[in-house]
Every structure is written in structure tokens, then in C-alpha cells.
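Peer 1: Chains H and G are the protein sequences, given in the same order. Residue numbers for the first sequence follow this note's numbering, so the first one is 1 and each next one is one higher. Residue numbers for the second sequence follow this note's numbering, so the first one is 1 and each next one is one higher.
These are computed hints drawn from the structure, not numbers from a lab. Treat each hint with caution, since some may be false.
One copy or two, it doesn't matter: identical chains are merged, so the pair holds either way.
[Claimed, not checked] Under the rule of at most 20 angstroms between Cα atoms (straight-line distance), these lysine-lysine pairs were calculated in the PhoX-like manner:
(1) Lys200 / Lys97
(2) Lys38 / Lys397
(3) Lys200 / Lys190
(4) Lys62 / Lys397
(5) Lys398 / Lys62
(6) Lys38 / Lys398
(7) Lys62 / Lys176
(8) Lys77 / Lys62
(9) Lys113 / Lys200
Now for the letters of each chain:
Protein chains: 2
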Amino acid sequence: MGDRPCKAYPETPLETANTPALDELTRHGISGIMDPIKPGIRPGSDTAHLSIFGYDPYIYYKGRGPFEAIGAGVDVKPGEIALRANFATIDSNDIIKDRRAGRSIPEGDEFAKSLANLTLSCAPDVKPFFIHTVEHRGVLKLQGPHLSSAISDMDPDVENTKVMKCLPLDGSPEAKRTAEIMNEFFQRTKEILIKSPLNKARKQKNLPLVNAVLLRGAGIAPKLRTLQEIYNIRAACICGAPLYRGVAKIVGMTPINVPEATGTIETNTLAKGKAALDHLNEYDFIFIHIKGTDSASHDGNYANKVMMIEKIDAMVKLLIDKTSPEETIIAITADHADPICIRDHTADPVPITIAGNGCLSDNNPKFSERSCAKGGLGRIRGLDVMPILMDLIDHSKKFGA
Amino acid sequence: MGDRPCKAYPETPLETANTPALDELTRHGISGIMDPIKPGIRPGSDTAHLSIFGYDPYIYYKGRGPFEAIGAGVDVKPGEIALRANFATIDSNDIIKDRRAGRSIPEGDEFAKSLANLTLSCAPDVKPFFIHTVEHRGVLKLQGPHLSSAISDMDPDVENTKVMKCLPLDGSPEAKRTAEIMNEFFQRTKEILIKSPLNKARKQKNLPLVNAVLLRGAGIAPKLRTLQEIYNIRAACICGAPLYRGVAKIVGMTPINVPEATGTIETNTLAKGKAALDHLNEYDFIFIHIKGTDSASHDGNYANKVMMIEKIDAMVKLLIDKTSPEETIIAITADHADPICIRDHTADPVPITIAGNGCLSDNNPKFSERSCAKGGLGRIRGLDVMPILMDLIDHSKKFGA
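Please take these sequences and the hints and turn them into a complete structure.
Peer 2: The structure is reproduced here in C-alpha cells:
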């Protein structure tokens, strides 16, 4: 949601958008700016969320794979290695023709089944589990000893380039071994997929062949104390996209399913708000994630970003109207800035506002980057957010006596 | 001193109080807000003071006992274990009838003497020293090998409930052994006290029996470099209550005795201020602690809190009138917030103002939570305070060249 001014747009989307509800909340609450990780560090969505949930990403972040996998419903246990996978179409020289093999792959589960009993000659003691999730997406999970997530991506993220060889990223024998496993896995799955009768059928229908598995984002699932264990709260999450749901689940939030929450700019923010209100009695803490502002930013689409902010404002109006400040604290922030002019995450601090009983309201009239920089919270960090909220809802323990 | 607005009191005590001297100091100085430990962490008085004196409590804090003991004049050396003790009255089922055995115990020293030569069958190599301090209060100090402060309190802090068994708080053999020592100490002292001729006399006078020692707040006295060693300053403290005097003494401050400093809301703040002025030539740094605002907060007494703030203001007026800003830096802050509506410590940042030669005065008109949030210091942490003050009085060393 956060942005920077640039020549084409001297006002940020938050400054341009019409946001009566966000502004009302800000006026009654306390606001500030927040560095999701620390000043000048460009956050990933995964590291930023970990940090805002109170987990130092420099300690707990060990790669994106497990978050995506867990968010997509795959069971990954602490210590296991997981990678994001794409079914893809390549040519005989391993040049990628379609990174998503046409995107719609109804035979995905069957393709995955054909890869189920694979054993690798370079590492017979390691079991590779390949799981298809939705469309072209899947997850590879490795179980076995002497593995490392310090390996490079094989998916170059661009079409018409060659699949990359997996390389170890440090000098450890584990990383060397895991890179070898990846390269053998790629070769062996290619051989199996190309012979699959499913591909014969796809060829007849003129669909792109599913003849490769592209791997990236290797990570070890971290072992974390849950929010329940740390703060004694029942926590839930409402998020459309798997990555955010994955981080939320790992820290112990229960997902609330909202079919209209698509994780795209078409998402129904009011349905998300309503779902939160419907479950307010069951949980002490509900996290709502809205992805659309970030998608619009990556596309460099200023108008869509303003539109998404106004959709968020409509949800905030619903939350304000249907809750009492005596009983419910509402906090609004972003996991990172993604300026329209940059089209990617930047390290700019993001605005934050917290409203409800006990907040030292600062009468700040506007929820925006520049206005919140003058607010009573000052400049805080992602890691400060949960402790501040837990203090306000009286779920904090005294340190000392 | 810090507070939050609430429904009954939309203005904080600092906002309500008439504080011409604090406001004048703030106008001429630089102000801000300060997280005694870090944002969202609820400080104890002990951890907060350590932090504000420049000692990271996550490294140096190992329990409250030694601070109370040292503050009450008991000699506790680094590494020794100390616990806070109460003489109490219990019934034959160990149910607490009076946590303070009537509070006034003139025979306290004699009772303590009767417990002096105790040896414990579970740990003959450990020497328990029981020392009576004032009224019902005492200190237990343990000397010997293989001891731990990771043990639970035996004093439940509530009357008409049973004395709690001491339990180890981690899996170490040291904690297990120390918990056994506590439980045997409790049983043995009970047997000795009940037979004491002093209790016969108390019974005749219809006074509550002194038949138990309640223990809590186990801690290891930390080994610290003193403020003199770190900053080359001669430091003194003026504080009525033992805990604060204990922390101040451990970091190397010399206590200045002020008989009128009671540690209660009746304390004579002007006498404290006058004592500081009288010793200004002997010391580079004088710490004045005033407890009354916190006591009023724990009682939920808004009017008393406002009254205490105005008594502090009168002391600040004296300090301003009798010092020159060219020669004396005055810094005002709190060790934690304790909102009237919560009646206990919270994590809200507290206001801080620093005035005197060299301060970048920000013309902030009011010493209060909300006004200081807009001040030129921004949002700092307890650990930042001493380095900032030492820089202003030119007792800092350059880091690097």
C-alpha cells in the first residue's frame, strides 16, 4: 500500500485516494510510520510478515518454499525442505517455452502421482515428495538426512531461456548434495513426464506439454512458538494468496475461508471484513491480508492502486461501523512499500494507525505516508507491532517486577 | 507517571495537572517519548531502571531479590542468590492468615537470630542467611555451589490461600536442588518459629504469631561495571523505596539519605530536591526517584496521581530556580507507564524532556505523553538515555577516530 512520490505522480496513491474511513480511524487513533524489517532494508512479503507477526526474520527466515507449501495446504514439518514448483513446457534443449504449461492443468494430480515413487541414485536415503496444488503449481518436499536449503533456483523466471542448473550457495557438503539431488530430480522427472500417456492426450488437444518441473525458493520450515504460546491469544487469518496464509499458519493462525477472497484486485474486501466480524467472538486476533494494492504496484498501475485503497477503505468503514472501540482495536498497515515508479518492493517505511480503547489519539487527519510520519507513534519497526497490540489488549506479561 | 486516556478520563494525569515548571523545562529543552525497554514490552520497575541506567536487562537482569536486598542494606555479592522474605502468620494447614504478621515486628532481629544457625539436610554445603530489614520484611541469601534462581515464588501474594510449594522453573539440577532447599527452609523455619518464646509473648499481647517466612523474587546479583567505570562520573541517588536504591547502588551510585523521602505519596519532594542541590558539587550525576505517582496508579487514584505530579513540579521549580542551565542538565522521565484504568505497568512509551546547555530546544509547550510525542528527540529507548546525557555533559568517548 505504501508508495513514494515521483515526477508522474507527485502525490502517493494513499494521498490521492478518497479514504474517509481510514482517515476517521487515524484521527481517533495513534499513527506513525513503520519499517517492516529495519530502515533501508527492502522486505520480501514473507520476511515482512514474519517480522510484523513478531518473529525476527534474521533468525527465523530460511526460505520461501515452506510458507507457500503450507499456505497451499501441503503438510511441511519443521526442519523439512520445501521448494515451490511449476509444471512447465520446455524444448529438447531445456529452453523454457511456457513457464506454466498453459496454466490450466486438470491432470496435475495424475502427473504428480507418476512422480511419486522416484528414488534418486545420487541420494537413495532421501525421499522426494512432489505434490500438485492448483493450476500449474506444485511443491517439492525433501525428507532425509544431510540436506540444505542453500541452493540456487532452477527456474529463471523468464521464458525462452534455459532451465538453470541448481548450484550450492555455500561450501557445505549438504548444499552440494542437495543441489545434486535437484539436478537429478529435474532430469528424472523430465524422462518420466515425456513418456506419460497424459501428454499424448494433451498433444492431441493441442495443449502445451507438461514435460518439466521448475523449482525455486528452497527453504527449511522454521520451528516457531505460536502466537498462542507466546501471547495466549486465539488467532485467525483471512488471506487469499497462499504465501500469506502459509506464514499465518506457521505462526499459529487458523485460516478463515472466504470464497470471494481471491488474492487479486477483483477480491471482495467487504466479504473479508464481514468474515472477520462474523468470527470476532471466537478469536482474540484476526489478521486480514489484502494483496491487490501490491499487484497493482507490480503492474505500475496507479489507478488500480487507488481503486484498491478505496476498496480497503470500504472494508474499514464496515469494521468501524460494526465494532466498538471499547472492545476492538483496529490496526492498519502494509507489509512493505511498492512504489508505482519502481514496480517492486522498496524499503520506505509504511504508514500505520492503531485505534481503539487506550490509544493516545494524536488527532492526525489523514492515513498517508507523509501525514502518519508526524503521528504520535513515531517511527517503529515491524517487530514492535505485535507487542504494542498485545499490550493494548492486555495480553502482555511484565518483564521484571 | 505516564498514562493513557480512557473513557472516564479522556485526559491523562500529566495533561490535567498544573505543571508550570515541567512545562517551562520542556519549552526550553528537547523532548520526546521513550520506551523504557522496547516498544510493546511491559517493564518491571527493576528492569526499567536497569535499562534507563544503560544496562540491557535482557543481559543483566536475573531476578528482583538482590536489588531489594541491597537497597535494604544487605550485602549481596555478584553471583549470590537473594530472595525477598516476609514474616507471616499461617494456620496449621499453611493457609496464610496475615502476609505481614501484623506489619510491626519489633522482635524481627531476634526472630532472625533464631534462624541463624540453620543447616539443611538436603544441602549441607549451602549456607542460608536470613536477615531482617524493616517491619515484616527480610531477605534470604544463599551461599554455596550449584544454586539457581530459576525457582517459583512461595508467597502467593494473597491471603487465605495456601503457601505455595517452591518448584524449579527449568530442567536444571541446580533449579531442582534450590527448590528443595526452599521447601526444607520453609518447613524448618516454621518448626523453629512456632517454638520461639517471642511468639509466646506476642500471643499474650494478642499479636499475630510470626510463624512462617514467605519467599519470593529469587534472583542472582549481577556483576556490572559501575557508572564510574563506564562514564567516569561520580553518581548519587535519592530514593525512598529499597528496590530503586538497590538498582542504583548496584550500578555504583552513592545513596544520599533524605529522612523525609518516604517512598510514599506523603514523601517530601522539596526535601529531595534540596538534598540534590546540596550535593551538586560532590557529584556529576544525581538520580532522584519519586515513587508516589506509581503508587497512586496502582490504587487507581487519579486525583492522587495529579497531586503527586504537582508535587514533582514543585521540586522541578526548585531545581530550575537554584541551578544554571549552563552548568546543570535536568532530565525528567518515568520508568514506565501505569495507567489509572489498568492499575498496573503497561508498555506505553513515557514522555522525556532534557533541558540545559547544548540541548536542541524544540519549543514544545507541555510535558505530557501527547505533546512530547511531537518533540525533537523522537522515540528513543531506555538504553539511549544515559549515553545521551553523558554526551551532553561531555563524559562520552568517541567510538572510532
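Peer 1: Work down the list of hints and note, for each, if the structure agrees.
Peer 2: To see whether the hints hold, each was checked on the structure:
When the C-alpha separation of Lys200 and Lys97 is checked against a cutoff of 20 angstroms, the pair qualifies only within one copy, where the shortest distance is 18 angstroms, while the shortest distance between copies is 86 angstroms. Taking the shortest alpha-carbon separations for Lys38 and Lys397, only the inter-copy value of 14 angstroms comes in at or below 20 angstroms, while the best intra-copy value is 25 angstroms. With identical chains, the CA atoms of Lys200 and Lys190 are at most 20 angstroms apart within one copy only, with a shortest distance of 15 angstroms there and 88 angstroms across copies. Taking the closest pair of Cα atoms, Lys62 and Lys397 come within 20 angstroms of each other only across two copies (16 angstroms); inside a single copy the shortest separation is 29 angstroms, beyond that limit.
Proximity of Lys398 to Lys62 under the C-alpha cut-off of 20 angstroms is restricted to the inter-copy arrangement: shortest distance 14 angstroms between copies versus 31 angstroms within a copy. In this assembly of identical chains, the alpha carbons of Lys38 and Lys398 lie at most 20 angstroms apart only when taken from different copies (12 angstroms versus 25 angstroms within one copy). With identical chains, the CA atoms of Lys62 and Lys176 are at most 20 angstroms apart within one copy only, with a shortest distance of 17 angstroms there and 36 angstroms across copies. For the homomeric pair Lys77 and Lys62, the shortest alpha-carbon distance inside one copy (13 angstroms) is at most 20 angstroms, but the shortest distance between copies (35 angstroms) is not.
For a Cα distance limit of 20 angstroms, the shortest separation of Lys113 from Lys200 inside one copy, 17 angstroms, qualifies, whereas the shortest one across copies, 86 angstroms, does not.
The structure fails none of the hints (numbered hints given earlier).
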